[in-house]
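Student: As you go down the protein sequences, you meet chains X and G in turn.
Take the first sequence: its position 464, counted from the start at 1, is 464 in this note's numbering, and no numbers get skipped.
Take the second sequence: its position 655, counted from the start at 1, is 655 in this note's numbering, and no numbers get skipped.
FYI, nobody ran anything at the bench for these hints, they're computed from the structure.
Errors might be hidden in some of the hints.
[Unchecked claim] In silico BS3-like links for lysine-lysine, alpha-carbon gap of 27 Å or less:
id: 1; chain 1: X; residue 1: K186; chain 2: G; residue 2: K270
id: 2; chain 1: G; residue 1: K270; chain 2: X; residue 2: K206
id: 3; chain 1: G; residue 1: K232; chain 2: X; residue 2: K416
id: 4; chain 1: G; residue 1: K794; chain 2: X; residue 2: K284
id: 5; chain 1: G; residue 1: K437; chain 2: X; residue 2: K284
id: 6; chain 1: G; residue 1: K441; chain 2: X; residue 2: K216
id: 7; chain 1: X; residue 1: K206; chain 2: G; residue 2: K441
id: 8; chain 1: G; residue 1: K437; chain 2: X; residue 2: K216
id: 9; chain 1: X; residue 1: K284; chain 2: X; residue 2: K272
id: 10; chain 1: G; residue 1: K441; chain 2: X; residue 2: K337
id: 11; chain 1: X; residue 1: K295; chain 2: G; residue 2: K437
[Stated by the list, open to error] Some chain G residues close to chain X (C-beta under 10 Å, calculated; not the full set):
id: 12; residue: S238
id: 13; residue: D360
id: 14; residue: D368
id: 15; residue: V401
id: 16; residue: S406
Note that the structure is predicted; figures quoted are calculated from it, not measured.
Glycine residues also receive a C-beta, built at the ideal position from the N, C-alpha and C atoms.
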Amino acid sequence: MPEIKVTPLGAGQDVGRSCILVSFGGKNIMLDCGMHMGFNDDRRFPDFSYITQNGRLTDHFHLDHCGALPYMSEMVGYDGPIYMTHPTKAICPILLEDFRKITVDKKGETNFFTSQMIKDCMKKVVPLNLHQTVQVDDELEIKAYYAGHVLGAAMVQLKVGSESVVYTGDYNMTPDRHLGAAWIDKCRPDILISESTYATTIRDSKRCRERDFLKKVHETVERGGKVLIPVFALGRAQELCILLETFWERMNLKAPIYFSTGLTEKANHYYKLFITWTNQKIRKTFVQRNMFEFKHIKPFDRSYADNPGPMVVFATPGMLHAGQSLQIFKKWAGHEKNMVIMPGYCVQGTIGHKILNGQRKLELEGRSTLEVKLQVEYMSFSAHADAKGIMQLIRMAEPRNVLLVHGEAAKMEFLKGKIEQEFSINCFMPANGETATVTTNPSVPVDISLNLLKREMSLGGTLPDPKKPRTMHGTLIMKENSLRLVSPEQALKELGLSEHQLRFTCRVQLQDPHSDADTLRRIYTHLKSVLKGYTTQHLPDSMSVMVESIVVKVSSSAEDPNTKVLLLSWSYQDEDLGSFLSTLLKKGLPSGLC
Amino acid sequence: MAAHLKKRVYEEFSKVVQIPPEEVPVKKLRLSKPSKSAALHIDLCKASCSTDALQYLLQFARKAVEAESVEGVIRILLEHYYKETDNSVRLKIVSLLGLLSKTKGFSPDCIVDDAINALTTEKSHQVLAQLMDTLLVIGSQLPDNLLVRQRLIDMACKARLSRSRDVQSVISDYFGDQEPRVRTAAIKAMLQLHERGMNINQIIYDQLYPESIVPIPSSNEEVRLVDDSFGKISHMISDGSWMVRVQAAKTLGSMLQVSHYFLEQTLDKKLMSDLRRKRTAHERAKELYASGEFSSGRKWADDAPKERLDTNAVNLIASGACGAFVHGLEDEMYEVRIAAVEALSLLAQSSPSFAEKCLDFLVDMFNDEIEEVRLQSIHVLREISKNIILREDQLDTVLAVLEDSSRDIREALHELLCYTNVSTKECVQLALLELLKNLNKYPTDRNSVWKCLKFLGSRHPTLVLPLVPELLSTHPYFDTPEPDMDDPAYIAVLVLVFNAATSCPTMSSLFSDHTFRHYAYLRDSLSHLLAGRGGGRVVELVDSAAGPGSVESAQVFLQDSLNRVNTIHSLEAPGSQDLLDFTIRLGELQTELAGAADFCATYLRCQLLLMKALQERLWNMAVPLCLKQNAMATAAARQILEETYKLEFVYSGLESRQVATVHHIRLQARALQLVLTARARKGQFLPELPHFQETFVGKLLELIPRLSSCKTVELIKILQSTLRQSSMLPLTLPQQLHRATATIIEPTGESDHPLKFTTGLVVALDIDATLEHVQDPQTRVLYPDGQAHVITPKPGDFRKPGPGRHRLITQVYLSHSAWTDPGHVEVRLLLAYSSSTPSKTGWADSTDSLPPPEAAIEGTIPFSKSVKVLIMPKPARR
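Let the sequences and hints guide you as you build the complete structure.
Tutor: In structure tokens:
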């Protein structure tokens with residue numbers, strides 16, 4: 001049986017360093033090539049030790065999906081094509097370069113890729129459009145679907161023959177202020193590899209969260225307080241910016257909004273460019289005004305933090321563990337009029353995590369403590385699909401099997417149960433390095449010769465009924481990767497073989513007091529009355545009866561003249577009729593026969 | 001006589017019904033049997049086998065049967081019918097019955113019973129069909145016997161229904177056909193059957209939607225069909241295609257009989273416990289223990305998986321269908337969101353508890369990124385607001401939208417606040433504060449805010465009462481300074497308080513003296529805001545001064561004054577002038593009557609003008625001496641003509657009576673014109689006559705045959721005398737009369753900054769106007785050099801915020817050759833009327849002919865104040 005094998009090298013029951021190896025139909029494909037943010041040694045990259053592959057895909061620009069790309073292509077030495085969507089290809093190198101700078105220049109690591117390597121790696125990238133089918137080679141084709149999540153995020157469908165695999169990457173089923181919802185057609189893949197970050201959560205209405213967020217910001221600003229929103233440079237930052245920008249515009253608010261400079265500014269350029277990847281509203285209105293050209297949001301300068309009066313600041317990084325956001329936080333933490341809004345996930349150990357857990361006194365390096373008086377709010381603006389969204393995608397695609405990656409094991413287990421219960425399909429959740437195998441039942445296309453088909457039709461009479469399978473005789477020729485079904489004669493001719501006749505013979509003993517000739521006549525009349533649709537011939541010369549091509553001969557046995565021995569002989573093709581005749585004759589002749 | 005006949009008919013009928021055919025004595029048959037039937041009887045008895053009988057019957061059918069013997073023949077036939085076993089013979093007999101009953105002079109009602117009887121016992125389908133046919137013939141032979149017909153129709157219905165099962169199963173066999181067109185046709189056929197009132201089997205329903213099994217699989221639970229389909233359709237709201245989603249949302253809105261469990265489930269993405277049945281009490285207890293199996297993601301770190309529920313739990317609704325409206329409202333496509341909002345509105349109107357629940361979601365939609373969606377959700381909230389009382393926090397969110405910079409949104413919200421009920425006095429105060437803030441921020445909203453406060457006050461008098469001292473800043477001991485009456489905010493507060501006071505008499509005791517004075521002032525200046533009636537010292541106070549306080553009495557008063565005017569008859573101009581003034585004034589006080597009063601006033605003014613023109617002595621003077629008078633009369637005639645066009649087209653709701661009156665006065669004006677012209681230039685007049693007001697002369701010629709014979713000079717004389725003798729037509733008021741009005745909101749005309757543009761190019765001027773009771777207005781741009789352009793706005797530029805009201809938001813394109821200084825262009829709205837030539841559009845035709853500035857463009861009536869805009873075309877740079 002053909003099989004599809006899926007081996008996560010990263011992200012198996014784990015979040016980070018996404019890297020999944022899929023092999024089916026004789027192809028090996030690597031999906032994503034990410035790195036782990038939590039580790040600083042070799043563990044941050046997936047284990048590439050056993051890879052021979054045909055192509056690889058990166059679905060979006062987050063480092064946990066593309067961070068190890070130059071490492072693999074340049075340092076490990078992969079030399080095949082790499083596929084990315086256009087926005088990903090544009091933004092990815094910026095992030096990689098930034099990442100490289102931090103690790104090499106600041107931390108002084110040596111065994112790391114260089115900027116030249118990033119450039120070389122990007123040269124191997126083949127860009128991909130939405131819903132465009134790209135032939136990687138003769139058999140493997142890939143197709144990208146819109147995934148929401150971040151700009152340029154895509155789901156990919158891999159297809160070899162009739163077998164197919166869909167890898168979702170990270171996706172979002174709830175549209176937000178700048179991106180649409182993920183969408184896929186009913187492609188019925190053999191395996192759907194889905195992320196499961198929020199396997200146990202069903203979020204309530206997003207509108208409600210947005211309203212809360214705006215209300216909190218608005219209230220704080222009206223009170224004259226300052227709002228700090230720690231964000232990562234790309235993704236949520238843009239969504240929240242648009243949200244605040246439109247709100248400010250609608251409400252005619254005057255308080256300044258600042259955005260920390262650097263990476264974000266560069267990335268905003270790309271957001272302006274790739275309008276087709278955004279949601280309906282932005283796509284429709286960009287002719288009048290590009291939503292990413294912010295009117296109220298200005299670049300931040302370090303000195304602004306001490307300005308009096310209300311303001312809103314977006315600062316990186318998102319977990320308050322270092323950099324600008326931490327500096328601002330330290331300045332503003334002491335005043336209860338201020339507020340910090342954490343829009344996303346915080347890793348354990350960061351200040352963000354601590355204050356979210358309600359810690360009010362923080363120890364900083366240098367033994368000083370910081371009293372946290374400002375309000376701390378958590379708002380989940382994460383762009384991953386929730387459990388409902390995952391179920392919705394499964395319903396949309398109708399896969400035969402589901403495979404969960406990119407999530408915590410315990411939560412996956414829960415979702416797995418739900419999926420199996422609701423859809424009654426198999427669900428897998430392999431750990432890193434573990435292989436999940438799915439056997440498939442692909443339909444094999446076969447060419448059938450027209451003559452054979454016509455002959456079969458004349459035999460079968462009516463048109464074929466798609467619901468009932470029908471058997472037919474023919475010869476299957478497998479030659480040079482092609483399958484053909486032809487009539488036996490043609491096959492013989494083509495292969496240059498001579499035909500072998502196969503005949504069955506059978507003796508039936510019969511008690512009949514008549515002479516041989518009479519018995520033969522009696523058999524003839526009997527058979528003629530029973531087999532009405534067939535041609536039955538009486539050949540008294542050769543003491544035989546012919547039914548179609550079946551020969552029945554009569555001879556009396558030597559000892560007892562009353563015991564007649566019938567000799568039946570038929571060819572392989574007439575097997576059905578022959579065996580019927582033999583059973584018929586074994587029952588003897590009816591007595592009323594004249 | 002007729003009654004007698006009728007009685008006889010009934011008697012006969014009842015007799016027939018009561019005699020069952022079996023009891024008909026054979027003897028009677030013989031008695032009434034003439035020769036022909038006897039022959040037939042003998043023939044049939046002779047017939048040994050069925051073919052013979054059939055043969056006889058066929059022969060018999062060829063002969064004519066006379067009316068008196070028909071009954072006997074029928075008896076014999078029926079007798080044979082009951083005896084006969086062969087289907088074909090029975091069939092023939094029945095068809096013969098049908099034929100016979102067509103015989104003239106024979107009343108077939110005696111066969112009805114037999115035929116119906118036969119129908120119940122008959123087995124053969126062919127004979128049944130023939131019986132039906134025969135009954136049809138009989139029924140059509142008895143057009144006046146309603147009872148029999150009714151009975152026949154009932155029979156037919158029953159017969160059809162008893163067989164309908166077969167039809168259904170035949171059709172349902174094709175649901176599984178491999179050809180999609182066949183399946184579609186089968187389902188359509190089923191739908192048609194259903195629309196004819198046939199109940200479709202539940203088994204077939206299952207077959208139609210194989211994935212839907214109404215009894216829940218793996219359990220004995222059942223749900224109502226409508227609930228089940230509701231669940232199914234909820235599912236579709238997460239479909240891949242947005243068109244399906246729009247349709248699904250709309251369909252959900254149309255299913256009003258759904259039980260409230262299912263309705264509420266649409267607002268929660270997690271499966272609620274109501275729609276989940278547990279097998280044992282143990283499990284139910286467990287469910288209480290871990291009620292939310294999915295976390296909401298709203299709190300930090302609450303997403304640890306909780307204990308799993310028993311998988312045996314049965315869901316009454318597929319979990320995918322949960323939160324259909326949550327999905328619909330946050331859909332990517334705004335079409336879906338709008339459809340979802342509309343569906344919410346429909347469902348909420350039929351279910352108050354659902355209205356309560358969906359409130360939060362609707363309020364959330366106020367934050368939508370697309371303005372249409374925001375607007376729609378505000379409208380929807382207004383529609384359902386009679387079902388709900390806003391809590392303080394909800395009101396807070398609603399009021400936050402008052403700061404929206406879009407005027408549409410704010411106005412919609414004001415409308416909404418007009419209809420909302422709030423629960424506490426804090427809410428009223430909050431609303432007032434926010435509205436005042438709004439007033440401060442957007443002073444143009446003045447009228448809308450005042451109107452909003454008017455309703456807020458009259459809806460919550462008891463909640464306003466405790467706030468009064470604070471609102472009016474009165475003090476128990478000290479006199480407080482009198483607030484400024486020009487302050488819109490103070491007026492707003494007063495509007496709120498006075499409207500509350502109309503239904504809360506105790507309130508007026510809290511007022512200080514100046515408040516009463518202010519009331520009198522407001523009552524006069526902003527009467528539409530204080531239209532409440534009765535109650536309290538305040539109202540009485542003013543009533544004495546301003547006259548009738550209520551709509552009805554004002555109506556009566558208006559009619560009275562009209563009557564008085566009618567009795568005056570001509571000549572007493574000063575008296576009518578007073579009355580006229582009064583009528584107009586009345587209109588200002590009573591908005592509901594403004595249209596009518598204005599109409600009357602205009603009409604009266606026309607009459608006055610006409611009288612003035614006719615009463616003068618000038619008619620007796622020699623022509624050269626009265627040039628001045630003549631000019632006056634000409635002007636009057638022209639003015640009357642203009643006014644009559646206004647009367648006819650500016651007011652909507654005119655009845656044909658009024659139109660005729662208006663036409664009459666126009667006719668008079670035309671006549672006046674004709675006479676004047678004739679007098680002024682006697683020589684030139686005659687050749688011009690054919691061109692001059694053809695229609696009028698034509699009409700006159702038709703009306704007065706005598707005129708056609710006489711000469712033109714005579715004609716003029718006759719006209720002159722008839723005109724002078726003519727009296728005023730009394731005017732009756734129509735029920736609903738509205739005057740078309742328009743106000744240009746934008747541009748305001750106050751800006752000193754000229755709109756600069758390069759010569760030869762085009763500049764777009766944004767126009768924002770409110771129109772009331774108008775069909776198709778046009779905009780006119782008048783340049784300082786006298787050029788005028790008429791521009792017809794696109795239909796898409798009109799929005800409809802309320803009945804009879806339109807909002808025009810359009811762009812007017814201006815262009816001109818270079819000027820040295822900025823200059824004003826005038827923009828105003830015109831009303832085109834249909835009796836004239838098609839109105840001109842675009843520039844091309846109106847620029848070349850330079851009409852004089854104040855002459856109205858043919859066929860249009862200016863009906864808004866003109867707004868001046870400063871523009872400055874600069875010479876193009878080379």
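Student: Hints first: check each against the structure and report whether it holds.
Tutor: Hints, verified against the model:
1. K186/X x K270/G: At roughly 25 Å apart (the allowed maximum being 27 Å), K270/G and K186/X satisfy the hint.
2. K270/G x K206/X: 14 Å, holds
3. K232/G x K416/X: Answer holds: K232/G to K416/X is near 24 Å, not above 27 Å.
4. K794/G x K284/X: 21 Å, holds
5. K437/G x K284/X: 33 Å, violated
6. K441/G x K216/X: 22 Å, holds
7. K206/X x K441/G: 30 Å, violated
8. K437/G x K216/X: Distance of about 20 Å is within 27 Å: holds.
9. K284/X x K272/X: Given that 27 Å is the threshold and the Cα spacing comes to 13 Å, the pair holds.
10. K441/G x K337/X: Within the cut-off at roughly 26 Å; holds.
11. K295/X x K437/G: 25 Å, holds
12. S238: 5 Å, holds
13. D360: Status holds, d = 7 Å.
14. D368: With Cβ-Cβ at 8 Å, under 10 Å, it holds.
15. V401: Status holds, d = 9 Å.
16. S406: 7 Å, holds
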